[in-house]
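Protein chains in written order, with this note's numbering: chain D, 1 to 709; chain Y, 1001 to 1077.
Rather than coming from a laboratory, the hints here were simulated on the basis of the structure. Hints are supplied without guarantee of correctness; some may be wrong.
Straight-line C-alpha distance at most 30 Å; calculated DSS-like pairs for lysine-lysine [said to hold, decoys possible]: (1) D/Lys327 - Y/Lys1012; (2) D/Lys418 - Y/Lys1057; (3) Y/Lys1057 - D/Lys382.
Computed from a prediction, not measured in an experiment: that's the story for all the values here.
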Amino acid sequence: MRDQLGDKLPNIALVGNPNSGKSTIFNQLTGLRQKTGNFPGVTVDVKEGRFHLPNGREAVLTDLPGTYSLYPTASDEKIVATVLTNPEDKHYPDAVVYVADATHLEKHLLLLTQLLDLNLPVVLALNMSDTAAQIGIKVHAAKLTERLGIPVLMVSGRTGENIPRLLGEIEKLIHTPPSKRKSFYSFSEAEKQITEAVCLNLNISSPYAALLIAHHHTWLPFLTSQQSSTIATIVQNKGFSSLKNQVDETLERYDRFTPIVQDSVQRPPQFPSTPTDRIDEVVTHRWFGPFIFFAVMLLVFQSIYDWSTIPMDLIESFFSNLNVSLKDNLPVHWTTDLLTDGILAGLSGILVFVPQIAILFFLVTLLEEVGYMARVVFMFDKTMRRFGMNGRSVVALISGGACAVPAIMSSRTIGNWKERLITVMVTPFISCSARLPVYAVLIGLAVPPEKVLWIFTWQSLAFGSMYALGVVAALGSGYVMKKILRTHEASYLAIELPVYRIPHWKNLWLNVWEKVSAFVIGAGKIILIISVVLWALASFGPGTAMEQATTSAHAVAAAEQFDSSATDDLVAAYRLEASYAGYLGKVIEPAIRPLGYDWKIGIAIIASFAAREVFVGTMSTIYSIGSAEDDVLLREKMRSATFDDSGLPIYTLATALSLLVFYALAMQCMSTLAVVKRETKNWKWPLIQFGFMSTLAYLLAWVVYNLFI
Amino acid sequence: MQRRYRTIPDLKVHESARALAFEDPILAGKLTAMGLLPGTLIEMVRRAPFGNAYYIKADGVRLALRNEEASSILIDA
Ligand SMILES: Nc1nc2c(ncn2[C@@H]2O[C@H](COP(=O)(O)OP(=O)(O)O)[C@@H](O)[C@H]2O)c(=O)[nH]1
């Protein structure tokens, strides 16, 4: 038999409650052939992958966000209702795999009965068959098939049990359009009249889809404004109360399917205390709970530094070797420079983050997989809500201590848009690993190493204060945004605390792979472009300025009898001053002079707007120390530097402190801006973030400079 | 005088009661979908370390609720 799809790939959707194991089944079916697609105008990503049916045909699998019902309360859940009530949607499925947790079937079938009423072709996959067998739960699939009128299979996303049969059932569903089912839910008289009117007006055939549209007409994106106002009139005329009807419908559905579950499932008597209860007694304990959390976070933080050093060094040395050998073997020409100092430098700037991102995501996914994250949400919800965020924001903020890029990506677990946005906006205030080298140079320059208390020196206290400054700035601006931003989306905690499980490694690796490739491809493009622009600014100057700079540098070097590497350093310094970047540094000097900076620091700041770790390298170039990046030597040179005009020393305590504050607070990371754009799908937010952070940095740096001068 | 119903925050740790009704209609929609229905047996497991939230079990399902959410659920006895 030929199906009616023609050449279009069949669309299969995974639908189910959160924690039913949908993603695990998704990974089972698609493996590495997955990507994260975007719904236009919606901020939650949907995963899409490809797989083959038993007859060899390729099909598209969409992992819709987990939801308990088609009456959504958060924006990720709205996607499910949007797709399933609109046959024109590009994700509208030709067949649905409904994933339910076989060990909690009595709570997992509400959404299934709603899909049945939408007349969708559904196969019921009773997941976690391995756990069910372990605890002695028996499900009679045949009985369920008989009562529900759909194919039912026991499967396991973990062991792969019955996955081939699941594929067979999907294939059958695509080939046989569903026969008209009797509605699971019996409509009230008012609901009948409303759905008839909606069906007539929108020319749709499914009464339940019409009912859902009547409920959701205020926000469903596929309705034209005329359509939704027509529906509003219908709903008003019938005196329809959406919320009350919704609860009544839900309760009636439970009344109807609970007996079905009771007939088909045999469970052993329940034990009073499970391992999950015993673990939670400690892990969510009044005092132990927060203590364990901070210990875990410290470990995560430490691992990100420890485990990433070697791979990061390898990546950097690979690129610098490649750079050197390309420079040696390619003709001396600006195209070679573009390739090495522009494109390759940009590439290494992207790839050098990969180890940290991979490790961080590995650990965060691990905590999520075992079920710990929901406990963190529970424990810290109150604290974070004061600052306009959600319990889940703690995780993002602490990850920000390593790198804001993956931290911002991890905020996706936050359902409420306002809370998520605030988290995304304030996370970059947390001092990330890229600020460390800058702090090291400046603190070494300005702060005496003497001991103050026990083991503390002024310098270590200064480091600690930089971190504290970041945390205070993040929470403070969260508080401000909370007061400013408006949202219509109600904020709820109401979260299920899943049972603790041993992690499924395949899920972990695939998740890490997905996050890393999303970063490399998404943010990478933008990083590459900006680093090429920066390269151009530093390599070219107006008119013949660059040639003149080279000539005069050589003249000076010859007069002073410099060796060849010292000569190269001097040439680099002269050229930088003559380049457009140097020109820009001089242009902005009046603006940064109130903070105590000269044009050379200006260049470093401009360069740092791409990535703050550039600071040390740029200062080294300016003070012609060369590629060795010797901290001690650099500090010597900086200490003796003076303003060109007044001849006064530049690096006083006031300037150093002001620079420290500036680097702690300013938004100087194009990767972060790129990822904020990616996550908010709008340039507005990264621009606001940039403006806000830079202004705050400027003002506070100014205050600090004037306090200490 | 109107009798005030007890709500979830009135439960002591390890005390159980049945849910009767919801005062917040939006939350009612959300919680019924999650399996907390009128008639469901609810056990108070513990309070959040910093307060303002509760860890409960509803028919074996573990849920975390904010104070405002928990106090909108009326319980018997
Ligand atoms: N024992 C067992 N665990 C599973 C199975 N499928 C998923 N899990 C675990 O259940 C948890 C939730 O799974 P996940 O796929 O993330 O659920 P989702 O929220 O529906 O996407 C994870 O810890 C999985 O490793 C299964 O068939 N057997």
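Hints, one by one, checked against the model:
1. Restraint check for D/Lys327 and Y/Lys1012: not satisfied, since their Cα atoms lie roughly 74 Å apart, outside the 30 Å limit.
2. Taken as a hint, the D/Lys418 and Y/Lys1057 pair is honoured in the structure, with Cα atoms around 29 Å apart against an allowance of 30 Å.
3. For the hint pairing Y/Lys1057 with D/Lys382, the CA-to-CA distance comes to about 20 Å; that is within 30 Å, so the pair holds.
Violated hint: 1 only; the structure is consistent with all others.
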